[in-house]
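Visitor: Dock chains B, C and D against the given chain A, drawing on the hints supplied.
Residue numbers (our numbering), protein chains in the order written: chain A, 1 to 329; chain B, 1 to 329; chain C, 1 to 329; chain D, 1 to 329.
There's no promise every hint is true.
Copies of the same chain look alike in the list, so a pair counts if it fits in one copy or across any two.
Heads up, simulated BS3-like pairs for lysine-lysine below, C-alpha to C-alpha not over 27 angstroms straight-line [as the list claims (entries may be wrong)]:
(1) 94 x 51
(2) 241 x 147
(3) 141 x 323
(4) 230 x 163
(5) 147 x 292
(6) 94 x 241
(7) 230 x 323
(8) 83 x 163
(9) 94 x 323
(10) 323 x 147
(11) 292 x 230
(12) 47 x 323
(13) 241 x 51
(14) 83 x 47
Rather than coming from a laboratory, the hints here were simulated on the basis of the structure.
4 protein chains.
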Amino acid sequence: MNSFGRLFRVSIFGESHGEYVGVVIDGCPAGIPLRVEDFSADLERRKAGAKGTTPRKEDDAPEIVSGVFNNTSTGAPITILFKNSNTRSADYEKQRAVPRPGHADFVAAKKFNGFQDYRGGGHFSGRLTVALVAAGIVAKKILGVIKVESTILEIGGETDLDKGLQKAIDAKDSIGGIVECRVNGLPIGLGEPFFDSAESLISHAVFAIPAVRGIEFGTGFAAAKMFGSKHNDAIENAEGKTSTNHAGGIVGGITNSNEIVFRIAIKPTSSTPQEQHTLNIESGNVESFSVKGRHDLCIALRVPVVLEAATAIVLADLLLLNKKISVSL
Amino acid sequence: MNSFGRLFRVSIFGESHGEYVGVVIDGCPAGIPLRVEDFSADLERRKAGAKGTTPRKEDDAPEIVSGVFNNTSTGAPITILFKNSNTRSADYEKQRAVPRPGHADFVAAKKFNGFQDYRGGGHFSGRLTVALVAAGIVAKKILGVIKVESTILEIGGETDLDKGLQKAIDAKDSIGGIVECRVNGLPIGLGEPFFDSAESLISHAVFAIPAVRGIEFGTGFAAAKMFGSKHNDAIENAEGKTSTNHAGGIVGGITNSNEIVFRIAIKPTSSTPQEQHTLNIESGNVESFSVKGRHDLCIALRVPVVLEAATAIVLADLLLLNKKISVSL
Amino acid sequence: MNSFGRLFRVSIFGESHGEYVGVVIDGCPAGIPLRVEDFSADLERRKAGAKGTTPRKEDDAPEIVSGVFNNTSTGAPITILFKNSNTRSADYEKQRAVPRPGHADFVAAKKFNGFQDYRGGGHFSGRLTVALVAAGIVAKKILGVIKVESTILEIGGETDLDKGLQKAIDAKDSIGGIVECRVNGLPIGLGEPFFDSAESLISHAVFAIPAVRGIEFGTGFAAAKMFGSKHNDAIENAEGKTSTNHAGGIVGGITNSNEIVFRIAIKPTSSTPQEQHTLNIESGNVESFSVKGRHDLCIALRVPVVLEAATAIVLADLLLLNKKISVSL
Amino acid sequence: MNSFGRLFRVSIFGESHGEYVGVVIDGCPAGIPLRVEDFSADLERRKAGAKGTTPRKEDDAPEIVSGVFNNTSTGAPITILFKNSNTRSADYEKQRAVPRPGHADFVAAKKFNGFQDYRGGGHFSGRLTVALVAAGIVAKKILGVIKVESTILEIGGETDLDKGLQKAIDAKDSIGGIVECRVNGLPIGLGEPFFDSAESLISHAVFAIPAVRGIEFGTGFAAAKMFGSKHNDAIENAEGKTSTNHAGGIVGGITNSNEIVFRIAIKPTSSTPQEQHTLNIESGNVESFSVKGRHDLCIALRVPVVLEAATAIVLADLLLLNKKISVSL
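Just chain A, with the same shape it has in the complex:
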C-alpha cells in the first residue's frame, strides 16, 4: 500500500511522466493554517540545481485541491497535486527492453506483469518524493515547536562534502552519502512497545525514501562494539534527561525526551555516466550501456528535506496518538 499512518495518514500517487503526482493527507486536525507559500521553503530545498544535482528544471507548484478552506485545514482529507511539466517520453520505448541496474525497472516489469508505466521509472521515480515533502510540511505544522532537522554528514566517505563530490566528478561517476536527522522538543512517551516502536515506525517511513540502504539510531552500529556500562545513558532528572544519549532519544521503543538522533546511508545514484552492463530482456543478451542525460551525481544531496518529511509524518501521527492517552478519561 502507498499509505502510511494510523491517525495522520499519508497516501501518495503518481508517476514520473504522468499528469500529476500528489498526496492525500487524511486525519489532519482542523484549524491548522496552511497556505501555498508555506510549501515554498522545503520544496525549494528538495529542488535540483546545486553542484552535484541534476540541471533538470522542475517547477514544483503545489495545488491544494481539498481539505483547506480560508487558508486553514478543515478536518477533511487534504489533497495536494503537483503537475508534471517536464515529461519528455520520447525514447522510453527503447529503454523498456533494457532495465537499468540499480533501478526498479526490472522488478517493476516482473511484479506488474509488464503493465507498469516504464517512462522514467514510473511510479518508482524519485519524483514522488515531492509528495512526501508536501505531506511533511503539513506534519511539521502539527509538530509545532518540535524541530526536525536533517543534514548531510558525509559524501563518498568525506565529511568535507565538496571534497566528496569532487571525487565523483573526477571519476565521472555517481556517489553515496550519509544523512543525519535530529529531533528536539518531543515529549516522553511516543511510540508503542514492540511492533509500533518509534524506531519501527521511523524506519518504516524512512525506507520509503528511494536509495536508503541503512538506518541507525543513537550510537547505532558502534553500539555493537560497546560495553553496557558505557552504552547505558544515566537518567539525571525527573524530565528524563540523560547524561549521555547513546540511545538516540528512544528506549524500549518509546521516546525519552532527549534529542532523537539517527543516520541513514544513501547509496550512489543508480544512474551514472559510467558504462555498465545489463540484460536486454528482448534479445536475452547482456549488453553494455551508459545513462545519458541529466542526473544527480549524488542523490544524498537532495535527501535531507525528504528525510525530515518522512520523520515528521511519523511523529505527527505519534503525537496525535499520544494526545488520546495523555488526556484523562
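Guide: Relative to the frame of chain A, chains B, C and D by itself:
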C-alpha cells in the same frame, strides 16, 4: 499497537511476570500442519544456558489453544500461550523507584502514568520474544522451501565470538554484537513501492526486537562511500540474477530474486554487573546501583532465532499478498 | 478515515465547492483495461435530470491522472479527479449561521471547531458520491462476470414509483424510498467469521452513502417474525445451492454462492421546499426558513448506481482476499 | 480478520470445542480499574437458563492473563480467556457429513478446504460472543457515564414477549426477534464523514453478532415512507438538542448529542426441533434430519448484552479518537 501484518497478522501480549505471554496469529491459511513438536527447535535456540546467556531456567512449552485442529491450521486465529513459571516478584517494589538505565522502566512509567506492570520490565520484557519466535515458526511453514537463516557476525567487534565474549567476561560487563540474516528462494516482486517497501516492512518488524540499534541491507552503510558503477548490480538473466548483490536482494523496495542480506546492530545488554547511576524518582537523587542476579552478558547471542522470526513474519505476509496479484483475474 | 478496503483500498476526498472531488484507488491489480469511456454509463446513471431529481447540471468528466498507462491499470495507485464546475458560493456566509435540519451542517461545525468548509455541505456533500461511483466502476472490472445490480423498490411506500413521486410533488415536499441490491455469480467463501463478515463489510460501505437509514439482508426484518424451520434454507447440491434464499446469500458471514440480496432504506432528501425550523447559532433563536433553489425531491432515485459502487468495492476487496486463500501454498 | 477498532482494537479467537475462547484488547488506556468481578453482571446476562434458552450449563469465568496489574489496566494488551468446560465432541464426525441449514457448516468447509474445526460450529460458534461481551465490559468502563442499553422489542412479531415465546414452544420451532439499543450521554462529533460514519462502524460491529439480519437507525425503514418536512429533526439549542429524533442521534455520519437509537432483526435460531432437509455431502443425497439436544429456541433472548458490547466497543474507539481532535494542538 502490538499487531503487525496485513494478511498474516501477529499480535503479541503478556508481561514478564504475568500469567502468560502469548500470540494470536490471524490470517494463517487453513491446511498448514502444526504440532507442538514443530516449535521445539526454534524455542530451544532462543533459550538461555549457553556461555554468555543467563542461567535462568525458562520452560517454554507452547500451548496451542485455538486455530489448530487435528494438528492442522483451520483458518481461524491461532492462539499460542506460554505460561510464565519462573516469576519471583519479591523485590520489585523497591526497583520501582529506581528506573534502570537502558531499560524501558522510566519511559513506561511516564507513558502509562505509573500504571505499568513494573515487575521485570513488564510488557517491555525480552520474555515476549518467545511469542515472536512462535509466530515465526508458523510463518516459516508458510514460506515452505524459502529459507531464512540468521547468524552472529561479531561480538564486541570480534568475529571470533569467543574472544568477544571473553572481553565482556573479563570486564565484568555486558557487550553488543552484530547479527546477519539471509533469505534464499524468494520470488521476484515481494514488497510495494514506497511505504510498504520490503525494507520498510522488514525494518518495522526488526525494530520490534528489543536492543536493535540499526539495520542495513546489502552493502548498507558502506554504500555511502561507493561509486554508482561499483554499487549497481548488473542483471544477468531473465530470472533477475545479478552478478553482484550490493542491493541485498531488494531494488526499489521489491525483491529481485537474489539472496536477501541484511545485518542488525545489537546494543550491549542493559543489565550489566557494573555499577551505574540513575535517578531515584522518589528521592529525586541520582544514585549508584548495580544489577544483581542472572542476566545475559550478551543478548545478541539469543537474537538470531528472533530475527529469523521477525523476518519470516514479514515475508509470509508479503508472500500471501503476492498470491493475489500473481493470479490472473 | 475516508478510506475503505484491505487490499482494494478506496480513499475519497473533496468538497462540494472545492476545486476537485476525487478518489485514490490503491491495490488495483495491474492489467485491467480502463478508459475514460468506461465511466460514462454509471456516471450518467448517477446524474440528475430525471423527474424528481435536481435540474442542476453537473458535468462529470473523470480525469485519470495516475495508475493507468496505455488504457490499462499499472498496479500503482489510480487517481481520478472530477472538476467542480458549478459552484456558486454566493450566499453561503448567510447559511453558515443557520444549520439546515437533517444536514451535517451543525455537527460538522462542532466536530471541526468551525473550520469546516460550509459551502454546500462541504466534504459532507452528496457530490462526493461521484468519487464512489468512479471507484465502483474500477471494482466492477475486477468482479468480471459477477453482476451487481440495484433497483428502486419503493418511493414513499409505493411500488408504483411514479405514484410515490407524485405524492411528493403534490405535497411540495421531499420523500424517501427503498433500494435493493442483488449480486450474482459470487463464489462460495467470501467474508470472514465475525468482524469481517460479508454483511459487516457491505453495511460498513453502504452506510457511507448519505441518507441511508437501514439495511437488511435476505428476509431481513421479516425474519424476526419467522420460525426457524421456515427461515432455514435447505442446501440442495454440492455447489451450495439452496432451495430458498432467506439468508440472502450469506451464512455465518460467508457467501454461500446463492444470490446476495439486500435492501436499504433512504430517508427523504433533507432539503425540502417546506418551511422548517432550526436554530440560528448566531442569534441563538429558533427560526423558520425554507430551502430555495434546485434540489432532488427524492434522493433515492439517484442511489442505485452508488449502492452498486459501494457493494462492488467491498466485493472486489473480498475477491482479491479470497485468491490468496484459494491458491495452494 | 477477527479484529476490529482503530485505537481500541478487539481481536477474538477460539472454537466452540477448543480449549479456550478469548479476546485480546489492544489500545485500552492505562489506569482503568478492572476486576474479575466487574465481568459478572454482563456475563450473567448472556448466560442461558431462562425460558426459551438452552438448559446447557456454561461456566463463564474470565481469566485476565495480561494487561491488568493491581486490578488496573496497564496500557499493555489485555487478554481474557474463557475455558471451555462443556465440550462433548462425541458425535461430531457424523455431523461433518451433514451441514446444518442456517449454520456456517457448509460455507466453513468450503472456505477452509475441509480443515475447519467442525465440532459445534467451531470458530463460527455463538460461544465466541462471550469474548465480545468481555471486551464490551472493558469498553463500557471507557465510556464512563455514557450509557449503552439494549432491550428486546419483539419476539415472533409480538411485543408481549412471553406470548411470542409461547408461539415457538407450541410450534416446537425456533423463533426470531427484534432488539433495540439506546445510547445516552454521547458528545457531539463522534464518527467520520463517509467510510467511518458512526452508522458504518456500528453496523460493521453489529453484523459480527451471529443471527443479525438487519439494522436500522432512528426511524429506519419507516423513513422510506416519510416526507422530508416530517423526518427532519429541528435543532433547538446550542448543544444540538433536536425537537424530534428521527435521525436516531446521528447526522451525516456524526453523532449529534441526542440519544442514539437503533434496532436489529435477529433471525430464528438455526437449530430447531423441526425436521429439516439438507445435503449429505458424502452421499450426495438430500436427507431429512432434526437437531437433537439442548438449544436456544429464541437466540434473540441472549442478544441484548452482546449488542451492548458491540456498540460499546465502537463507541469507546470513537471516543478515544475524538480526544485527539478535541484537544488543542
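Visitor: Which hints, by number, does the structure contradict?
Guide: 1, 5, 7, 8, 9, 12, 13
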